[in-house]
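Asker: All chains, please: the whole structure from these sequences, using the hints.
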Amino acid sequence: MKRKLKLHQVVKKLKEKKMNLFTPLDFRRVFDVSNWACRWFIKIHTKEGDFIKLRKGLYMLADHPVNYYLIANRLYEPSYISFDAALSFYGIIPETIYTIISATPKTTRECKVENIRFVYHKLKKGTYTGYKAIKHQDSTILIAEAEKALADYLYFIELKKRNFSYERLNLKKIKKSKLVAYVKLFKRPRMNKLIEKIYAEFRKPKRIY
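Once you know that position 104 of the sequence shown is 1546 in the working numbering, the rest is easy, because the numbers rise by one and skip nothing.
Hints are not guaranteed to be accurate.
As the list claims (entries may be wrong) - Only pairs whose alpha carbons sit at most 30 Å apart, straight line, appear in this in silico DSS-like list of lysine-lysine:
no.: 1; residue 1: Lys-1617; residue 2: Lys-1548
no.: 2; residue 1: Lys-1567; residue 2: Lys-1615
no.: 3; residue 1: Lys-1574; residue 2: Lys-1635
no.: 4; residue 1: Lys-1602; residue 2: Lys-1577
no.: 5; residue 1: Lys-1602; residue 2: Lys-1566
no.: 6; residue 1: Lys-1602; residue 2: Lys-1615
no.: 7; residue 1: Lys-1455; residue 2: Lys-1498
no.: 8; residue 1: Lys-1618; residue 2: Lys-1602
no.: 9; residue 1: Lys-1574; residue 2: Lys-1489
no.: 10; residue 1: Lys-1614; residue 2: Lys-1574
no.: 11; residue 1: Lys-1489; residue 2: Lys-1566
no.: 12; residue 1: Lys-1566; residue 2: Lys-1626
no.: 13; residue 1: Lys-1618; residue 2: Lys-1564
no.: 14; residue 1: Lys-1614; residue 2: Lys-1629
no.: 15; residue 1: Lys-1548; residue 2: Lys-1566
no.: 16; residue 1: Lys-1548; residue 2: Lys-1577
no.: 17; residue 1: Lys-1564; residue 2: Lys-1617
no.: 18; residue 1: Lys-1635; residue 2: Lys-1577
no.: 19; residue 1: Lys-1564; residue 2: Lys-1577
In case anyone wonders, no lab produced these hints; they're calculated from the structure.
Answerer: Rendered as structure tokens:
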């Protein structure tokens, strides 16, 4: 006899397995149903607002707190959180970031989900490194180490694809030797001048208003 899936049971089990984001293949493996039954169930409950379609073949539970970093990782793979998004995450820049920027070895891409922009910048071979897996909102995400996020950011400034957007960086959280090592991967000597520039700015007395 074929199993009849019930929404409340499906949602409960997905939450138990911490599958806040899932693909049809994930769904079939967990609930042991046919491809047709899987796709029909997902389609119906996406229309009813129980699931949110993030892209073709990737869905999210509608009633679960949104982990935008996890979504960024899964929307376009492989990728890791970097640039301004990672710098904000570590408190190196004080601003709140409303665009999640990631690094990828694939083609540059941009998309929008739930009114949040997700941007993916391509890094050349040999520089797609320096990231780690950490726990965030009960899920595992891939994010650049603080020094690599800053190196990625400086790389795009050196390419003139970005401007210095932040007056002051909190470099207390950065190991300069590690930053220099990551910058060397890009093989662009002028990036070293950018390092000296941000450290010179950091050493200036803070302005009191």
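Asker: Does each hint hold? Answer for all of them.
Answerer: Now for the hints, and whether the structure bears them out:
1. Lys-1617 to Lys-1548: holds (29 Å)
2. Lys-1567 to Lys-1615: holds (27 Å)
3. Lys-1574 to Lys-1635: Roughly 27 Å between the alpha carbons, so the hint for Lys-1574 and Lys-1635 holds.
4. Lys-1602 to Lys-1577: violated (34 Å)
5. Lys-1602 to Lys-1566: holds (16 Å)
6. Lys-1602 to Lys-1615: Distance ~25 Å between Lys-1602 and Lys-1615 Cα, so the pair holds.
7. Lys-1455 to Lys-1498: Holds. Lys-1455 to Lys-1498 sits at ~22 Å (cutoff 30 Å).
8. Lys-1618 to Lys-1602: It holds: about 23 Å lies between the C-alpha atoms, which stays within 30 Å.
9. Lys-1574 to Lys-1489: This hinted pair is violated, its Cα atoms lying about 36 Å apart.
10. Lys-1614 to Lys-1574: The hint holds at about 20 Å.
11. Lys-1489 to Lys-1566: Violated: Lys-1489 and Lys-1566 sit about 40 Å apart, past 30 Å.
12. Lys-1566 to Lys-1626: Roughly 13 Å between the alpha carbons, so the hint for Lys-1566 and Lys-1626 holds.
13. Lys-1618 to Lys-1564: holds (24 Å)
14. Lys-1614 to Lys-1629: holds (25 Å)
15. Lys-1548 to Lys-1566: The hint holds at about 9 Å.
16. Lys-1548 to Lys-1577: holds (25 Å)
17. Lys-1564 to Lys-1617: holds (25 Å)
18. Lys-1635 to Lys-1577: Given pair Lys-1635, Lys-1577 is violated - Cα atoms ~35 Å apart, limit 30 Å.
19. Lys-1564 to Lys-1577: holds (25 Å)
The earlier numbered hints that this structure contradicts are 4, 9, 11, 18.
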